[in-house]
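A.B. asks: Those sequence lines, one after another, are chains W and F.
Take any residue in the first sequence, note its place counting from 1, add 2, and you have its number in the working numbering.
Take any residue in the second sequence, note its place counting from 1, add 2, and you have its number in the working numbering.
Accuracy of the hints is not assured; some may be wrong.
Calculated lysine to any residue pairs in the SDA-like style (CA-CA distance at most 25 Å, straight line) [stated by the list, open to error]: (1) F:K120 to F:K227; (2) W:K119 to F:Q185; (3) F:K119 to W:E314; (4) W:K195 to F:E38; (5) W:K195 to F:D24; (6) F:K227 to W:Q185.
Selected chain F positions facing chain W (in silico; Cβ < 10 Å) [stated by the list, open to error]: (7) A159; (8) G165; (9) G187.
Listed next, the stretches of chain W that the computed footprint assigns to chain F, with coverage defined by at least 3 CB atoms under 8 Å from CB atoms of chain F [said to hold, decoys possible]: (10) 131–144; (11) 196–203.
Note that these hints are calculated values from the structure, not bench results.
The beta carbon of each residue, even a glycine, is placed where N, CA and C say it ideally should be.
There are 2 protein chains.
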Amino acid sequence: MNSENAKKESPFLKRLEAVAADTEALLGRLLAAKPEKDELSRPGRLIDAMRYSSLGGGKRFRPFLVIESARLLKVPRQRALMAGAALECVHCYSLVHDDLPAMDNDALRRGQPTVHKKFDEATAILAGDGLLTFAFDILSRPRTHPDAAVRIELVHALARAAGVGGMAGGQMLDLAAEGRFTQSGPQRLGESKVAVLQAMKTGALLRFACQAGGILAGAGAAQRKALDRYGAAVGQAFQIADDLLDLEGDTALVGKQTGKDAAAGKATMVGALGEAGAKMRLTQLVAEAESALAPFGRAAAILIEGARFVAERHA
Amino acid sequence: MNSENAKKESPFLKRLEAVAADTEALLGRLLAAKPEKDELSRPGRLIDAMRYSSLGGGKRFRPFLVIESARLLKVPRQRALMAGAALECVHCYSLVHDDLPAMDNDALRRGQPTVHKKFDEATAILAGDGLLTFAFDILSRPRTHPDAAVRIELVHALARAAGVGGMAGGQMLDLAAEGRFTQSGPQRLGESKVAVLQAMKTGALLRFACQAGGILAGAGAAQRKALDRYGAAVGQAFQIADDLLDLEGDTALVGKQTGKDAAAGKATMVGALGEAGAKMRLTQLVAEAESALAPFGRAAAILIEGARFVAERHA
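Turn these sequences into a full structure, and let the hints guide you.
C.D. replies: See the structure below:
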């Protein structure tokens with residue numbers, strides 16, 4: 003085995019790939035063309051667009067965080083996969099709507115035509131709406147957890163993470179920072195404002211992913227707090243790495259157009275701290291993620307490797 | 003008191019107005035500008051657009067159905083108002099997205115500029131997303147019901163009513179019937195296909211409204227079935243009345259452009275049955291609604307009047 007293969011066989015990458023395969027299979031079953039017994043119909047074009055935007059791609063890093071934080075607390079894998087699938091539906095809906103002409107106007111996503119390019123704008127709007135709604139459908143099912151109190155806690159946390167005080171709100175702050183709604187052009191946000199924007203726009207869902215493990219396990223306050231600290235650090239690291247990729251990355255590798263943030267005047271931590279400052283922050287965040295999980299000892303090794311992966315990824 | 007005033011003082015209209023006032027006040031409080039204690043921020047422009055699209059208008063007929071079906075089963079009003087507010091968020095999100103240029107491209111709604119006209123398209127997309135998400139936030143709160151099992155049942159039923167097998171799916175069928183995705187122009191759908199389309203597009207949310215009363219009350223199968231039969235009849239009546247209004251109504255009264263369905267080649271029951279046939283069906287549906295609630299006796303008088311109101315409304 004050469005060194006490239008050895009790297010591919012890292013325990014972390016094996017776990018990430020296993021989560022991706024299981025998530026793909028589960029979403030494929032959940033988003034079947036055939037209606038559930040209490041549904042009149044699942045219109046073909048809509049379910050096709052929902053499948054197109056949620057199957058066949060993505061690292062499934064959010065489901066990975068759900069499943070591995072749940073595994074740390076001995077939650078059965080099937081339950082964590084359901085919560086991960088719900089979260090992935092929210093993530094995919096946000097990509098479909100963000101790509102729309104009135105939003106970021108992107109033609110490529112994961113190297114493929116975006117949903118409104120492949121289908122049409124109306125179908126893309128409805129596919130996003132359908133995926134967002136479907137996330138709550140998934141969370142409400144007993145397969146996610148037999149205890150209704152656990153399921154409703156997941157619903158509450160996901161609604162908060164995705165809503166006006168979370169991802170949707172962060173997206174609005176991002177458009178405002180671009181200068182969409184004023185004559186004065188892009189705003190140059192300071193570090194603390196960029197931090198709030200990013201904690202909402204990307205951080206909230208990643209943080210939810212880590213909280214979900216604690217919710218599914220009915221964990222105590224200390225364990226929940228540890229996972230939340232880890233999730234917050236990973237969320238920040240994820241976004242900074244994304245901004246660096248946009249600056250330095252290769253369109254072919256990244257699978258979407260790069261260099262767009264700077265062109266659009268997007269508010270990024272690279273803009274606020276400079277490139278070197280952003281890279282230094284990344285290193286600190288990985289250390290913070292590691293320290294947060296110290297109480298779990300060796301069992302948290304995979305999640306810690308996940309934090310490093312996020313910081314060092316090239317695509 | 004003259005006869006016009008007497009009509010205004012009907013018990014039904016008084017109840018409808020009371021629900022509208024209470025729903026307005028509750029949504030106003032829930033959609034406060036100030037973030038909840040676990041939210042980082044509620045971006046002003048987004049919350050403004052969410053408030054614009056959900057406050058200050060509408061008959062609040064869906065919340066009325068929730069509250070009156072709940073009252074029939076002795077559910078505390080505050081709980082029913084929460085469920086009604088959640089449902090109204092879903093209804094309002096659907097209007098915002100349906101009005102978008104890529105969808106029905108409407109400039110007027112309730113006599114006011116639509117959200118994308120008043121704000122802009124990106125804000126309208128996010129406001130719709132925010133309202134849809136917020137509905138599940140509301141349902142997940144203990145104020146909606148102290149029992150988590152009841153709350154999760156509401157989440158499940160609303161997700162089904164709004165999703166790919168419900169409202170979003172119905173909207174997709176409607177666009178397809180317009181001939182959006184083919185070269186061959188509008189499809190002329192037969193009665194049964196129009197019935198499925200409308201049961202999903204408008205019927206599902208109205209039906210959920212009536213189911214919600216039974217869920218909140220933890221009612222037995224017979225009562226739930228009665229409310230569901232009533233809800234299905236009212237849902238069909240509502241859509242047929244809407245189609246007749248589009249045909250005959252006055253833009254100033256209806257508060258949105260009329261005559262658009264025929265122009266767009268929309269699939270309607272008026273198209274399938276003819277105008278006289280559609281009016282006859284309306285009468286049958288009111289009788290069906292009445293018969294469904296017969297077991298409740300006099301206590302159901304307001305809901306029965308509600309079904310008549312739906313069938314006879316002029317705006």
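A.B. asks: Does each hint hold? Answer for all of them.
C.D. replies: Here's how the hints hold up against the structure:
no., hint, in the structure
1, F:K120 to F:K227, "violated, 42 Å"
2, W:K119 to F:Q185, "holds, 18 Å"
3, F:K119 to W:E314, "violated, 43 Å"
4, W:K195 to F:E38, "holds, 19 Å"
5, W:K195 to F:D24, "violated, 37 Å"
6, F:K227 to W:Q185, "violated, 57 Å"
7, A159, "holds, 9 Å"
8, G165, "holds, 4 Å"
9, G187, "violated, 16 Å"
10, 131–144, "holds (count 10)"
11, 196–203, "holds (count 3)"
The earlier numbered hints that this structure contradicts are 1, 3, 5, 6 and 9.
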